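In order, the protein sequence lines correspond to chains A and B. With the numbering used here applied, the first sequence corresponds to residues 40 to 152, in that order. With the numbering used here applied, the second sequence corresponds to residues 1320 to 1476, in that order.
Hints are computed from structural coordinates only; laboratory data are not their basis. Bear in mind that the values here come from a model prediction, so they are computed numbers and not experimental data. Please note that a few of the clues may not be correct.
[To be verified] Among the chain B residues that face chain A by a calculated CB cut under 8 Å, a handful are:
hint: 1; residue: Ala-1356
hint: 2; residue: Glu-1370
hint: 3; residue: Val-1371
hint: 4; residue: Ala-1372
hint: 5; residue: Gly-1373
hint: 6; residue: Thr-1419
hint: 7; residue: Gly-1423
hint: 8; residue: Val-1424
hint: 9; residue: Gln-1428
hint: 10; residue: Val-1429
hint: 11; residue: Arg-1435
hint: 12; residue: Asn-1436
hint: 13; residue: Ala-1443
Glycine included, every Cβ here is placed at the ideal spot set by N, Cα and C.
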Amino acid sequence: MDSGRLQVSEVGIARAVVAAVRRVPGVADVSPGRFAEAATYGPGEKVRGVALARTAGALDIEVHLCALHADALLLPELASRVRSAVRQSVEALGAGAVRRIDVAFDDLRVEEA
Amino acid sequence: MATEEMRQRAQSPRGDTTAMRSRATELVTEEGKTTIADVVVTKIAGLAAREVAGVHELVTQGVGGAVTGLAQRMTGADTRSQGVDVEVGEREAVIDLRLTVDYGVSIPQVAAAVRRNVMSRLEAMTGLVVKEVNIDVTDLYFPGEEASTQQIERRGA
């Protein structure tokens, strides 16, 4: 049964992704990208740190972030936690299927002891 | 859907070609018809493209952006329709845009955002189905080149 359409703007999705990524322990913040700006562009605004591409309804998400340095830091493990947080937040929006989530660690934040 | 479209197509009057060209679209109903001029479609597309963050400005065909911008400011020409060409059928439209982007942005990402916004705005405001939005990025804008025309306030995440 088709009871209507649900639409979420790309900028809205990007904002949800940024919020989810920031809540992952081990993430210092999202990063605005290194060689080209990593952002989702919308009318009158942009959301930095996340780039979205939608092909045939499925989303490819690129997340740029700065990790917190720690003795037990394992980037592949942090990446998979980021991936599942992103996937969860996008699925909670009902904004369509997520195909790929690319994670780029642009920087490392080292806290001085 | 198809039969509805065919019925409306059959009902729409076949004027001479010049009259048809100046008319963007006709939404023919039992109670009357609605026409939308090409210039309306052009302006909506131009404004929709310009409001996307990362787009610096739209530029007129064939001439360098900076020169054209200067000429436009001096003559006071309507800048809202510059850099936009439209081809409009009865129900569908194809949009061609020429624009400059801010240095540093991802051009494919900004182009995709422009395409999305132009399509959404036009479909919502006119009811036209936008088949294509072709984008020609003609130049880059470096901040500080002409500080007075800075148009989009950056609201970072």
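Status of each hint after checking the structure:
1. For B/Ala-1356, the interface hint is violated, the least distance from its beta-carbon to any beta-carbon of chain A being 24 Å, above 8 Å.
2. Satisfaction of the interface hint for B/Glu-1370 is found here, the shortest Cβ-Cβ separation to chain A being roughly 4 Å, below the 8 Å cut-off.
3. For B/Val-1371, the suggested interface contact is upheld, since its CB lies about 5 Å from the closest CB of chain A, less than 8 Å.
4. The interface hint given for B/Ala-1372 is met, as the beta carbon of that residue sits about 4 Å from the closest beta carbon of chain A, less than 8 Å.
5. Because the beta carbon of B/Gly-1373 sits about 5 Å from the nearest beta carbon in chain A, less than 8 Å, this interface hint is met.
6. Checking B/Thr-1419 against chain A: minimum C-beta separation of about 15 Å lies over 8 Å; hint violated.
7. At a threshold of 8 Å, the smallest CB-CB gap from B/Gly-1423 to chain A is about 5 Å, leaving the interface hint in force.
8. Residue-level restraint check for B/Val-1424 holds (minimum Cβ-Cβ distance to chain A is 5 Å; threshold 8 Å).
9. At its closest, the beta carbon of B/Gln-1428 sits 6 Å from a beta carbon of chain A; the interface hint therefore holds under the 8 Å criterion.
10. At a threshold of 8 Å, the smallest CB-CB gap from B/Val-1429 to chain A is about 5 Å, leaving the interface hint in force.
11. Checking B/Arg-1435 against chain A: minimum C-beta separation of about 7 Å stays under 8 Å; hint holds.
12. At about 5 Å, the closest approach between the beta carbon of B/Asn-1436 and any beta carbon in chain A falls short of 8 Å, and the interface hint on this residue holds.
13. Residue-level restraint check for B/Ala-1443 is violated (minimum Cβ-Cβ distance to chain A is 11 Å; threshold 8 Å).
When the structure is compared with the earlier hints, violations turn up for hints 1, 6 and 13 and for no others.
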